[in-house]
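Taken in sequence, the protein lines are chains G and L. Position 89, counted from 1, in the first sequence is what numbering that gives the first Met the number 0 calls 88; the numbers after and before it change by one each time, with no gaps. Position 102, counted from 1, in the second sequence is what numbering that gives the first Met the number 0 calls 101; the numbers after and before it change by one each time, with no gaps.
Careful: at least some of the hints might be erroneous.
A partial selection of chain L residues facing chain G, derived with a Cβ cut-off under 7 Å [stated by the list, open to error]:
| # | residue |
| --- | --- |
| 1 | I37 |
| 2 | F47 |
| 3 | F88 |
Ranges between beta-carbon positions, derived for each pair [as the list claims (entries may be wrong)]:
| # | chain 1 | residue 1 | chain 2 | residue 2 | range |
| --- | --- | --- | --- | --- | --- |
| 4 | G | I117 | L | L130 | 48 to 58 Å |
| 5 | G | P197 | L | V79 | 26 to 36 Å |
| 6 | G | A134 | L | D119 | 23 to 33 Å |
| 7 | G | H8 | L | E120 | 52 to 62 Å |
| 8 | G | N96 | L | L112 | 24 to 34 Å |
No more than 16 Å apart at the CA atoms, straight line, and that leaves these computed lysine to aspartate or glutamate pairs for EDC-like [to be verified]:
| # | chain 1 | residue 1 | chain 2 | residue 2 |
| --- | --- | --- | --- | --- |
| 9 | G | K60 | G | E153 |
| 10 | G | K125 | G | E142 |
| 11 | G | K64 | G | E121 |
| 12 | G | K60 | L | D64 |
| 13 | L | K92 | G | E153 |
| 14 | G | K95 | G | D198 |
FYI, nobody ran anything at the bench for these hints, they're computed from the structure. All of these numbers come straight from a predicted model, not from anything done at the bench. For every residue, glycine included, the Cβ atom is placed at its ideal position computed from N, Cα and C.
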Amino acid sequence: MSTVKYDAHGNPYAMHYDSPEHEYQTGKQGVWLFLATEVLMFGGLFVAYAIFHHIYPEVFKIGAKFTDWRFGSANTIVLLSSSLTMALGIYYIQMKNNARAFWMLAITVICGFIFMAIKYVEYSHKLHLGLYPGAWYHGNLEEVAHHVGLSPEEIPANLALYFSFYFMMTGLHGIHVMLGMGLIIWTMIRLKRGDFSPDHYTAVEGVGLFWHLVDLVWIYLFPLLYLVS
Amino acid sequence: MANNHHGDKTGHGTHSGGAAGTMPATGQGNGGHGSHHIVPFETYIKVFATLIFLTFITVAASRIDFGAFNAIVAFGIATVKALFVALIFMHLKYDDRMNRIIIVSAFFFLLVLWFFSILDEMTRVVQHSTL
């Protein structure tokens, strides 16, 4: 193939790079640029949260009573564990132990499933109460107030605002978790196929960076949605 | 750009755009990625243990009322956790400077957006039409 060159060690790289290392660094820099746009996308929602929290503090104070810190904490631990196994997946590829790397990536995907399962329990509980985002909100006032041990007068009229933020932020994050799981499965297939070695694992490094960013976003979402008082 | 702390661990990625193409392929050793920094297994485990510990601290701190500092405490701890993830799990500590600049610039512009939005929100004066 005229588009592929090989270095002295037989490592392939695209012809428009100087070396496999140059190819690796360029690919990784592209991922970091993409992650910068991700930070700005999630960041817009965080700034919107800050603005509306300032205007309607009671909406967020009461709204957070509907989230259970135990679910949030469990999911935090699940995602942190998945970040560890993702990092160890790359570590074992660097150590030429592809069997262990495969299992680390598999555990990462399983953690993703556990995270989404916990999210499913939380979502179905809220939707059952009619706590939908924005215009779709149709919670019964008595029932909603009773659920958090408040009187109906204490429930703000625009409580739906909280659930707009809750579902937009955790929903966008959840989509990222599912995309990340798909990408990790892709790297697992390629690993089995023998595509990666200590000299060549750019795709795993890039997917890993994405997965850690998803973890990073959750690190901020957790206190924001579960622990506001 | 020539701030190459790790010698041959960073490569041409440090150089932006066309400059890379003009650089001789030195600093790569005999090719391959053998020069990549490998974070020790123990470091990953220690960082993970710290992250779990800080999660418990976050939950415990949310039970204590620091008044106006509640948000600062919660997001301060979150930022420490985020730094551990970025520096060790995402290898930024060992990465070239350009990748650090890229991600820090994203957070910088987010701070600009936040600052002016909050400034606008907090300095508004409610006025009623005289018409």
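Tested hints:
1. I37: Hint holds; L/I37 Cβ to chain G Cβ min 5 Å, cut 7 Å.
2. F47: With Cβ-Cβ at 4 Å, under 7 Å, it holds.
3. F88: Interface hint status for L/F88: holds (5 Å vs cutoff 7 Å).
4. G/I117 - L/L130: 48 to 58 Å: The hint (48 to 58 Å, Cβ to Cβ) holds, given that G/I117 and L/L130 are roughly 54 Å apart.
5. G/P197 - L/V79: 26 to 36 Å: This hint holds: roughly 32 Å between Cβ atoms.
6. G/A134 - L/D119: 23 to 33 Å: With Cβ atoms ~26 Å apart, the hint holds.
7. G/H8 - L/E120: 52 to 62 Å: holds (58 Å)
8. G/N96 - L/L112: 24 to 34 Å: Violated: the Cβ-Cβ distance is about 44 Å, outside 24 to 34 Å.
9. G/K60 - G/E153: holds (11 Å)
10. G/K125 - G/E142: holds (12 Å)
11. G/K64 - G/E121: Status holds; Cα separation ~13 Å.
12. G/K60 - L/D64: holds (14 Å)
13. L/K92 - G/E153: Between L/K92 and G/E153 the Cα gap is close to 49 Å, so the pair fails against 16 Å, i.e. violated.
14. G/K95 - G/D198: holds (10 Å)
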